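Protein chains: 2
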Amino acid sequence: MRSRLFTPGPTRIPDAVRAATAQPLPYHRGPEFKKIFLETLDQLKYFFQTQHQVLVLTCSGTGGMEACVTNLLGHGDRVLAIEGGKFGERWAEISRAFGLEVISMKLEWGKSPEPEELKKLLQQSVNVRAVFCTHSETSTGARADIQALSEIVHAHSEALFIVDGITSVGVLPFYFDQWQIDACVSGSQKGAMSPPGLALVALNPRAWQRHALANLPRYYFDFTAARTAAQEGNTSWTPAITAILGLAESLCRIRHKGLEHYWQHYAHLASATRAGMQALHLEILPQHPSAALTAVKAPAGIDGREIVKTLRERFGATVAGGQGHLKGKIFRVTHMGAYDYLDMIAIMSAVELTLSALGWKIELGAGLTAMQQAYHQQLQE
Amino acid sequence: MRSRLFTPGPTRIPDAVRAATAQPLPYHRGPEFKKIFLETLDQLKYFFQTQHQVLVLTCSGTGGMEACVTNLLGHGDRVLAIEGGKFGERWAEISRAFGLEVISMKLEWGKSPEPEELKKLLQQSVNVRAVFCTHSETSTGARADIQALSEIVHAHSEALFIVDGITSVGVLPFYFDQWQIDACVSGSQKGAMSPPGLALVALNPRAWQRHALANLPRYYFDFTAARTAAQEGNTSWTPAITAILGLAESLCRIRHKGLEHYWQHYAHLASATRAGMQALHLEILPQHPSAALTAVKAPAGIDGREIVKTLRERFGATVAGGQGHLKGKIFRVTHMGAYDYLDMIAIMSAVELTLSALGWKIELGAGLTAMQQAYHQQLQE
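Chains as they are written, first to last, in numbering that gives the first Met the number 0: chain A, 0 to 380; chain B, 0 to 380.
Certain hints may be false.
As the list makes no split between identical chains, a pair holds if one copy fits it or if it spans any two.
Unchecked claim - Restricting the straight-line Cα-Cα distance to at most 30 Å, the calculated cross-link-like pairs of lysine-lysine (DSBU-like) are: (1) Lys119 to Lys85; (2) Lys33 to Lys110; (3) Lys328 to Lys256; (4) Lys33 to Lys360; (5) Lys308 to Lys33; (6) Lys326 to Lys256; (7) Lys328 to Lys33; (8) Lys326 to Lys33; (9) Lys296 to Lys44; (10) Lys105 to Lys44; (11) Lys34 to Lys105.
The set of hints was computed from the structure by calculation and includes no laboratory data. Note that this is a predicted model, so its numbers are computed, not measured.
Generate the whole structure from the sequences, applying the supplied hints.
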């Protein structure tokens, strides 16, 4: 039985990327690393669809989120957090930890934010300095309409629009410059298909203007230090060198095929998977699903944790369970990462057999058939 | 020409460790990772010579230093930083960034702190909440007498004694519990011989008591979150998984041979290297050298940067230059990491030929001979 990873981060990474991370370490202040890092910074502009400098920080995505808060805001600032899941809530938690005043726009988990509701909230509130939003909410599988939300933010406030793109950049269509996003955080282990350990932060000139005024305390995550270093192909501190070697290899591959290839590929895997799950009479949690992952409700009477456990024990397949109050209620299967259709048909078979073993009455093969039909249809288009 | 890394971090890591980092990624919330991580946390107790929980944070050593400041101190606290090089100064910089009042004990770079001077300073100052010290100051190659300094701190103040052990733990004799150190930061890429990306933080019960009162803002680096997660073989946020796989492999190897083996091994490499350098009439910068690295003054009239450049271009050998006001004045050769005597004799030969090419009059072979004699002598002991 071979271990198979189907979690929405870390995701399966290409073998060539794994091999790249195992190279002998270059010195991070030497010319060999500098060349690799400058090329990677260039690839990151493509990855985010921006003309602006992208920063690479050694930390998880959460560290990148904290960096946005402490580098772009000042003591006691008012911010608005769109909270539709665990990662939306994290923006509010970080903001409160640094003494900011948080207006919460709470959504039922699985729902996507309505631009009109955000507009109302912004019209009722004065002096909101930042709006935080999650593009692809990994805890629920929901996708937000970032472009529409960005327009609302800029039309009705002076706030920076700061986006968690951790499971969206490289996965869903994403245009940092065109959509006028002010700051966006992503990670190395999601759409970028490399090992975890790096946060990637895109910033536009408006964000840099605010940074110049931002007076929250920071040192390790300081953007000025990171940008100054990056301009010379350097990092403020010793970086996760092997993760950067992996990222460099992965971004080359992504650029070679083009982002549009991946956006369509993940959309295909996601819609075929949803078709399969629905044919098993399983309910998809999110109203507007992200192509990064599919979050499926556990059938009535079956604990989602049992589904996760059985998939692992019988098939060596690791999917993610639910987080927060969704613990035991859902399971989540990734599409982003180094996956193809045959990987997805394999996990669908494992899901069918698992549900059947746990007592859920299904017609064995119904999910596989529906998924295959959906995929066949995609090939015709 | 093969590339060879002789920098004091990242250091050369064992091939088996590199291979370990290239394994397929386990899910960081699954049982496979949990098992590896709990074993690693146990090995870290041995590595630091402590009975207490060691925390693993995804960041560089500097991130671990910031974590100690924000988790162990409160608004406006007074601290004392022993500053004998770039890394000593960093404690003061981080403390100031978070609004602390810093008493600086400045040393000439290359000098080690005198316990009696620290005693005087502590006697003159009231209410010092922490004393920061660098065990092995990587920018100068100097070693501090941590045991003696710890006694002074505890005898003459209520301060926590917080140690930067980034290039000392696993390299120099180090006893966290026995020496009554309250907090110590190390990194994955130095004595732990694995890729960079992780800070390792040991804390004693006194530190945890202070943590309970510490009110500086923090989120990503919060020790309570890290400890709560660690007790279940978990991490607060997605960790640098591949770096942990490497660290796990490396710490197993270190425990197998025993820390004493490495302490003596590095001491031998360092003293043989110093003997060789001195036979070339080169001056060792530090008064009390650390076995982690040897910092050598560039001869009069030769720019240290030229030495570094020539070593790289002619021999593919990367050593580190000077930092801060020592830029161009010194070069630094590591001993910590996966190195043996033959690696050191090779870099000695490259140094001799490089200095000769740059016009320094030396008797070719004098360094090699002295180094070999020193090594031969060690074998007899």
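Quick rundown of the hints versus the structure:
no. : hint             : in the structure
1   : Lys119 to Lys85  : within (24 Å within a copy, 52 Å between copies)
2   : Lys33 to Lys110  : neither (44 Å within a copy, 32 Å between copies)
3   : Lys328 to Lys256 : neither (37 Å within a copy, 48 Å between copies)
4   : Lys33 to Lys360  : neither (58 Å within a copy, 34 Å between copies)
5   : Lys308 to Lys33  : between (44 Å within a copy, 15 Å between copies)
6   : Lys326 to Lys256 : neither (37 Å within a copy, 44 Å between copies)
7   : Lys328 to Lys33  : between (47 Å within a copy, 23 Å between copies)
8   : Lys326 to Lys33  : between (44 Å within a copy, 19 Å between copies)
9   : Lys296 to Lys44  : neither (37 Å within a copy, 42 Å between copies)
10  : Lys105 to Lys44  : neither (32 Å within a copy, 43 Å between copies)
11  : Lys34 to Lys105  : neither (45 Å within a copy, 37 Å between copies)
When the structure is compared with the earlier hints, violations turn up for hints 2, 3, 4, 6, 9, 10 and 11 and for no others.
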